[in-house]
Amino acid sequence: MQSQHASNRIAAYSTPVILSGLLLGLVVLVALFGDKALARTAAETLVRVVLVVSLWIFVGNSGVISFGHAGYMAIGAYCSAWLTLKPQSKALFLPDLPDWLMQAQWPVFPAAIAGGVLAAFIALVSGAAILRLSGIAASIATFAFLAIVNTVYSNWEGVTGATSSVVGLPRYVDQWVALGWAVAAILAANLYANSASGLALRATREDEVAARASGIDMYRHRLLSLVISGFFTGVSGALLGHSIGVLNPDSFYLGITFISLAMLVVGGIGSLSGAVMGVLLLSLLIELLVRAEQGVAIGATHFAIPSGSQEILIGIAMILVLIVRPNGLTAGKEFKLKPQWLRQSRMYGAKSTN
Amino acid sequence: MSKLGVFDISVRYGKVPAVNDLTLHVEEGERVFVSGPNGAGKSSLLKAISGAVATSHGRIEMDGDLLTGRAPEAIARLGLSMVPEGREIFCSLTVEENLRVGTGLRRDADAVDVDIAEIYASFPILGERRSAAAGALSGGQQQMLAIGRALMTNPKLIMVDEPSLGLAPKIVDQVYDTLCALQEERGLTLLIVEQSSLRAARVGGRMVLMRGGRIVSEGNAADMADRDALAAAYFGQSGKQTETAT
Amino acid sequence: MTNFAQLFFDATSLGGLYAMAALGIALIFGVMNLVNFAHGEYIAFCVFALIVPSTDAVAVMFLGHAPALILIPVILALGGLVAVASEYAVFRHLRRADPVAMMIASFALGFVIRNALLAAYGGRPKAISLWPGLNMPVNIAGASVPLLQLIVIVTTLLVVTGLALLLKRTRIGLEMRAAAENFTMARLLGVRANRVITGAFALSGALAAAVALIMVTQTGVADVKMGGQIMLVAFIATVLGGLGSLPGAVAAGFLVGIVSVVLQAWLPLEARPFRDAFLYTLVIVCLLLRPQGLFVPASAKPRV
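Residue numbers (the numbering used here), protein chains in the order written: chain P, 55 to 408; chain E, 912 to 1157; chain Z, 2 to 305.
No lab work stands behind these hints: they were computed from the structure. In this text, all values refer to a predicted model and were calculated from it rather than measured experimentally. Every residue gets a Cβ at the ideal spot worked out from N, C-alpha and C, and that includes glycine. Just to be clear, a hint being listed does not mean it is correct.
These stretches of chain Z come out as covered by chain P in the derived footprint (C-beta under 8 Å, 3 or more residues) [said to hold, decoys possible]:
| hint | segment |
| --- | --- |
| 1 | 98-106 |
| 2 | 116-127 |
| 3 | 248-255 |
| 4 | 280-291 |
Taking the hints into account, I'd like the entire structure generated from these sequences.
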């Protein structure tokens, strides 16, 4: 006999397995039937999964909206670039790097980890200040943080190349690498959400005052979730850099902030499944709209929607979801095995998902 | 036709029910106390009548007009005013501004100044401090201001939620004296949430006792203060404990 | 001394601009707890309304042709209109939603407006010369001050006093202040929610339009990004002034303007490009010391 509690726990841990399986299935399909362009799209989408899942680790658990994650992303991306670029090209484009960084030529994997660690460290420092503020004020402060990072990276000529792009990053991130990191981020997010800290933090999301009264140290849990979130966000930045090969401070500003928040909101801030589904759905929508902007030939005529419609339509979709389904498409529910099925499966050996 | 008719209403917050299929009638010029333990749904009842929370079921009428589904400001315009729990005066506005907020719905602009003068006559302390920030008033003065503010909308029916909350007994006496005098003078109908049945008995009127979102008994306030009825309401039928009135 | 006078005029005119932008944000926040991320895009919208839609690099005046006496009221009305329209289209349907959902919706709305502008006008900044005569220098107290700076300072004073009078002396002003403090209670007293909210949006939009006119005259550029930058400063000023406090927003707007001019003057040359980073860091430090804002009056009820 299995206790209800235990089967509930197993059900909770089935979420990342289902989500990872879904992503794996998609990648296998693309590898079998897709062309090169589709493979690139898949890689981009999976990098977004890493980003949005990282964002969810903080926003989904704490309920505080962060506009600053693109900043952590930039930090991770540039860090990985500093460590992996060839010394000659660094000497040419980034002459003010310290000597040890100038000579560094790390393999890509530890460089991505280093990018994540640096971003996590900056998350710790910035979060220590910002998270002392209450919800809305903290959100505005994260926006200020984003502006700080953007100002610094757009002007630090000899270290970041300022507004001229950093080029020549090794483009090692294909859909398999991105899948690996996406699964890692999903696992970490699920582990954190089901940890003591994650559960406590979600209690504060429901009712700040009551949680505080019951002795929950909201500040510490928020900070911990931001640091974990910062690590994977930094990694997602590194992955983005190494999938397109070019870095520019403006690729880590309002555009990506908007798109990642849109994905989170459309999917549903309340659940990890929502974060992943939001990425998949909006990525599909973006892909369709991009093709529509390029135009489709039907017979002899060429139909195309005006360029820029993509962003406008996604914005409108986001507003509609907020009005019609404020909790997102998943409404805060996770994909998971139902506990009663788990108990039955012991008896019948059957297995299914909802 | 009664002044206020509440027919079979329910209020729920998410899945949590606060008021269950409650029916209540208040006659013109009557004074009705709503009493009962914490969480009985007293405040929710008042909020539902005023339009501040939505009902999930049932209908509410005043003078034959349907209140259900109307916005709070529309209900206020029909002649219903509210003195909410915790008074909720506008702390950053002056005393006089507080009184004037509710006059926007009146067509008799000339009478507003007369009414304000009348309120200052009833509550001299408010007149003295008319230009002071309302947040600087004491609790008792704020309660007077909240009552004065409710009067300024020229209502026919006033609902008062826990007027004695956080006030010294002597001040509470004063508040009730004022309320009763105003009712006499203006022919108002009063619906008052009052936890202390002893207080209700002393002031006099009809009393309904709520528990678990329903009315469990009602009658003359003085008779209702009878201990057994109360014990039953507060502690269930087996209740033998002595009740302590707050 | 000359230097000081110059600095003074620079600081007050920039502070005035920031104060007006911050007022636009604080008004809406006060009345409906909405942090309006579309406000910057109202500003950009008003700027681009001056010129003919085209993706060419050279701007052709459209509304900008009109004489000032017509142009100013038209642009102010346009700003009010776009703000009221956005309330109608988006925020009205989110009245019962929590502030976070409204904030994200405003962010999305801003994104929509910005991309609509980009589609109509292209992404490149355009040179645009509105009232070039106003940039002529005048000599005051030994400092050579562009006429426009004086006009900005005077305008700010007029706008702030005008708004203060409106809030203090009129019926709608009283209702707005009451609603800003306790919306439900105001409605229970018969204050019409829609009237107050529409009024607040109209005022906020008109303030955005005023900011737009000043910025265009000052910089001579129409750029989709210009709204976003000033909006960030305005947010910071509203948080610094205590969310929802109008006098606080004005004071903090001036403060941020002054600090920013002083930083520009005193920072070593190589650090000047990083001025905004220093400014925002200072702000975060200030908030750590006083999380409820710098100018919250003691009598006001603490807000969440």
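Tested hints:
1. Look at the segment 98-106 of chain Z against chain P: 7 of its residues bring a Cβ nearer than 8 Å to a Cβ of that chain, three or more, so the hint holds.
2. Interface restraint, the segment 116-127 of chain Z with chain P: holds (4 residues with C-beta to C-beta distance below 8 Å; minimum three).
3. For the segment 248-255 of chain Z, the stated coverage by chain P is not satisfied: 0 residues place a CB nearer than 8 Å to a CB of that chain, which falls below the threshold of 3.
4. For the segment 280-291 of chain Z, the stated coverage by chain P holds: 7 residues have a C-beta nearer than 8 Å to a C-beta of that chain, and at least 3 were required.
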